[in-house]
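I would like the entire structure built from these sequences, with the hints used as guidance.
Taken in sequence, the protein lines are chains A and D.
Residues in the first sequence are numbered consecutively from 1, following my numbering.
Residues in the second sequence are numbered consecutively from 1, following my numbering.
No wet-lab data here; the hints were simulated from the structure.
Ideal Cβ positions, reconstructed from N, Cα and C, are used throughout, including at glycine.
Check before you lean on any hint, since a few could be wrong.
[What the hints assert, rightly or not] Here are some, though not all, of the chain A residues that point toward chain D, as calculated from beta-carbon distances under 8 Å:
hint, residue
1, Gln105
2, Ala110
3, Ile113
There are 2 protein chains.
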Amino acid sequence: MICHIDPSNGIPIYEQIERQVKFAVANGSLLVGERVPSVRDMASQAAVNVNTVARAYRELQQQGILHSIRGTGLAIATDAPEICRHSRLNLIRERLRSVLQEAFQNQISADEIRTLVDEQCALLNQQPPASNQLNS
Amino acid sequence: MICHIDPSNGIPIYEQIERQVKFAVANGSLLVGERVPSVRDMASQAAVNVNTVARAYRELQQQGILHSIRGTGLAIATDAPEICRHSRLNLIRERLRSVLQEAFQNQISADEIRTLVDEQCALLNQQPPASNQLNS
DNA sequence: AATACTGTAATATGTATCTATTACAGTGAG
DNA sequence: CTCACTGTAATAGATACATATTACAGTATT
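Next up, the structure:
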């Protein structure tokens, strides 16, 4: 899989990696038993430090999404698809809630919000669908 | 004015203060020439350090939204309403774009997004409208 | 003049994130 | 066995954010 890091969106890099692994599992882009890219591969693809990837993988292990195969790598755990399918919308919902809360607190109407949403949906649909490929 | 700080939304506190002053100006809650709460008042109301408020005010000065009256305080500048009315939707648009970009990159459909938006609009409408009052 | 406010600045401390680098033990293929 | 790969750990350094504390100069009120 390929990770797209946005260094300027306020979300820590290790957490962005975490989230994208979860989405990939929920999408079926990563299957149970399949190995995730090695920390060094992922780090070089994402132009990020190895420690940062290692932290993401560590937290994914603690959540039961990855399990370690000693000396070989990290693989998608059996329970991962269920966990990640459940997380899929929640990850977006939480971020969305935070934005809309600020909007409502500052007198922006639901109509204005819906207009902004439609506008951004149109813009993002035109862009390349950010190919979520598997790795080698 | 009263500031609502969310320590867990990834936006630095000084920037949250900055944004809320801009919204208040755009809304007409703060009028040209009116004084903004003193750094010490704002800090105690928001349960935040004085330096953090001072940083927000400093950046608002650099943007031409506040101007200093020596020994007396900071007041809303003449150009502030125009600047802030222009910023109003853009501040939300940028945060929204970031969230929707992540959603689209991870195969969440526009329909799913719109469902989430409507769901959150309904939830937030039920809550107290977060009174954006002027101070004493 | 004295007092109580303004903003502003300097200093030190703590925490979180990220980087760079080095090292080590386990695994598998040649 | 050797070599190249795994994850993992330890260390050190940089930066950003926020805190606590102290201090100072300007202004207005009494």
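Results for each hint:
Given hint, Gln105 of chain A at the interface with chain D, holds; its Cβ is 4 Å from that chain's nearest Cβ, closer than 8 Å. About 5 Å separates the beta-carbon of Ala110 of chain A from the nearest beta-carbon of chain D, less than 8 Å, and the hint is met. Among the interface hints, the one on Ile113 of chain A holds; its C-beta lies about 7 Å from the nearest C-beta in chain D, closer than the 8 Å criterion.
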